[in-house]
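With the numbering used here as the guide, the letters of the sequence shown map in order to residues 1 to 526.
Hint data in this document are derived by calculation from the structure and do not stem from the laboratory. Each hint should be verified, as a subset may be incorrect.
Unchecked claim - No more than 20 Å apart at the CA atoms, straight line, and that leaves these computed lysine to any residue pairs for SDA-like: (1) K284 / R299; (2) K132 / L297; (3) K518 / F186; (4) K305 / T163; (5) K184 / E172; (6) K147 / S404; (7) K284 / R266; (8) K132 / D111; (9) K187 / K524; (10) K311 / F294; (11) K454 / A437; (12) K524 / D111; (13) K88 / T121; (14) K524 / A490; (15) K155 / N381; (16) K275 / P229; (17) K187 / A437; (18) K311 / D288; (19) K184 / L369; (20) K67 / L39; (21) K129 / I243; (22) K84 / A516; (23) K132 / K88; (24) K154 / S404.
Claimed, not checked - For each label pair, taking beta carbons as the anchor points, the in silico distance ranges come out as: (25) D273 / A372: 50 to 60 Å; (26) G411 / K82: 48 to 58 Å; (27) S287 / P431: 51 to 61 Å; (28) I401 / S253: 24 to 34 Å; (29) A173 / E87: 21 to 31 Å; (30) D368 / G97: 44 to 54 Å.
All C-beta atoms, glycine included, are put in the ideal place defined by N, C-alpha and C.
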Amino acid sequence: MASENSSTVFDFFYLPHIHNYVSHESGLLVVPPSLAAALVFGAVLLIYTLLLEPLFFGRSAQIPGPKLAGLSWYYLTYFDLKLKRNEKIGEWHRKYGPVVRIRPNEVTVADPADFREVYDTKSKYDKTKYFKRFALYGEDNLFSTEKYVEHQAKKRKIAHDYTKSRVVLNAEALVRERIAALLKQFKEAPNGLVDVFILFDCFSHDVMTRFLYGEKHGTNAIEDRNDRPLVVNLKRSQIYTPIWVNFPRLHGSWLLNRMLGPEYERTGEAGGDVKRHIETIMRKHDSDPHHDEFYSLYRTMRYAKPDADGKPMSRNYMASEMYDHLKAGQQTTASTLTYLTWRLSRHPEWQRRLQHELRALPVSDTNDLSLADLEALPVLNAVIRETLRLHPAASGRGERIVSSGGRTYSGVFVPAGTTIIGPNLVVHQNPSAFSDAFSWCPERWINASAEEMKAMEYSFVPFGHGARICIGQNLAMMELRLLVGSMYRACSTELGESCSDDSMYQLGSLAAVPRALKCELYFKEE
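Work out the full structure: start from the sequences and follow the hints.
Below, the structure is given as structure tokens:
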């Protein structure tokens, strides 16, 4: 314990003591030279650290971008919380060029060559700590795994199930069955008015639960309203994802629950509901004596070859993996379907062209369209591609860490350790590849010259690129072709009264959703 006579740095502010530093002539406070020098030094150090270093002398100071973004991590956070992150980053690229500093130690690239280099297998960049938010049950899944080598080891155990041939073998029948259930809902809707935003989510959720757990243990959210709350709450939680991303420790707190109300609190519970749902399904699956008689990704993981240490996949790891696949496979496909049908309803001329193309195809004995025939249709594939280009289904936060030595992108040196991102929405707006890039124009995919098509293909990266490309892309494309083909061969759609450009403005949430969180369309059977 300090003695009564010992002094501290706070003694100067003890009022009886201050009179020693007051001038007897002027009555003003006179600061000792040593203290004045310390205060000046502290002020200069503060100005240098907070202002001069990041703007003029720091490792990333030479990278173009808004000054405030270089000064503070919270400048981009402001736009993120307003759900305008992607829009703002696109604006910055149009103003500052192909490489932009969006945070003090974070940059984005817009050139397709730079995008491909960042995510290419040759670069082998690790992910950032941001992805740890997606680890569940105390285990990293494919998506949350940071290290490139570790990710590849995990991927090898399940990648075979997502190859095109295996997806067709294991999932085509269950996708067609869910399409039939969905079309029945459309045809039976009162006045033909349907909120496709919710029903497409139900469709994708049903498909993914069947694929993950087996057909016997899948949900029936399309027709069973008891299965829907899980889907609805998960989707509505999207508007709050920027809070979770930027302030993970505050998300779901008592303070935010009080500030944002019961809707936020209810959607905040969606993740826990999904976890409990998966745990229940795993118990049912394990207790079913016939669980090995049908395909499921869970079965593949249970019988996967053990690691080098001889240990099989842990139960928590399998649960973490299935949770991630469920959310990713459900939300992205549903978002693409929502925007595709909205676009076709806004552009009836393209809807008629698609219907003419589909109705010219032969059908099977079961009145089904062949998947091979659908894959060859120019108009169908053009509207799917153009929707994926203009409405990416995810946020584009593919954060990577530039490796040792740093790299140069589009003539701009990016130091090692910098977080680098290639937002696919910005790459898809590349004016050198896509004329009138902000317009939905499927024609570009039909009448392009060989040179134009090559440029568009190079700039078209809806599922990412490289070793960490979306593992479920083959399943997603099969769902899109089968559902859109079946739907527009049998029906036509028109915009509902509540469906407008404003209501369908795509927010910058993790799974990019429309502002109104609904998309009401009229369905007419033909």
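Against the structure, the hints:
no.	hint	result
1	K284 / R299	13 Å, holds
2	K132 / L297	23 Å, violated
3	K518 / F186	15 Å, holds
4	K305 / T163	18 Å, holds
5	K184 / E172	19 Å, holds
6	K147 / S404	15 Å, holds
7	K284 / R266	27 Å, violated
8	K132 / D111	28 Å, violated
9	K187 / K524	7 Å, holds
10	K311 / F294	25 Å, violated
11	K454 / A437	16 Å, holds
12	K524 / D111	43 Å, violated
13	K88 / T121	29 Å, violated
14	K524 / A490	9 Å, holds
15	K155 / N381	28 Å, violated
16	K275 / P229	14 Å, holds
17	K187 / A437	35 Å, violated
18	K311 / D288	24 Å, violated
19	K184 / L369	17 Å, holds
20	K67 / L39	27 Å, violated
21	K129 / I243	17 Å, holds
22	K84 / A516	15 Å, holds
23	K132 / K88	25 Å, violated
24	K154 / S404	25 Å, violated
25	D273 / A372: 50 to 60 Å	39 Å, violated
26	G411 / K82: 48 to 58 Å	32 Å, violated
27	S287 / P431: 51 to 61 Å	57 Å, holds
28	I401 / S253: 24 to 34 Å	29 Å, holds
29	A173 / E87: 21 to 31 Å	40 Å, violated
30	D368 / G97: 44 to 54 Å	50 Å, holds
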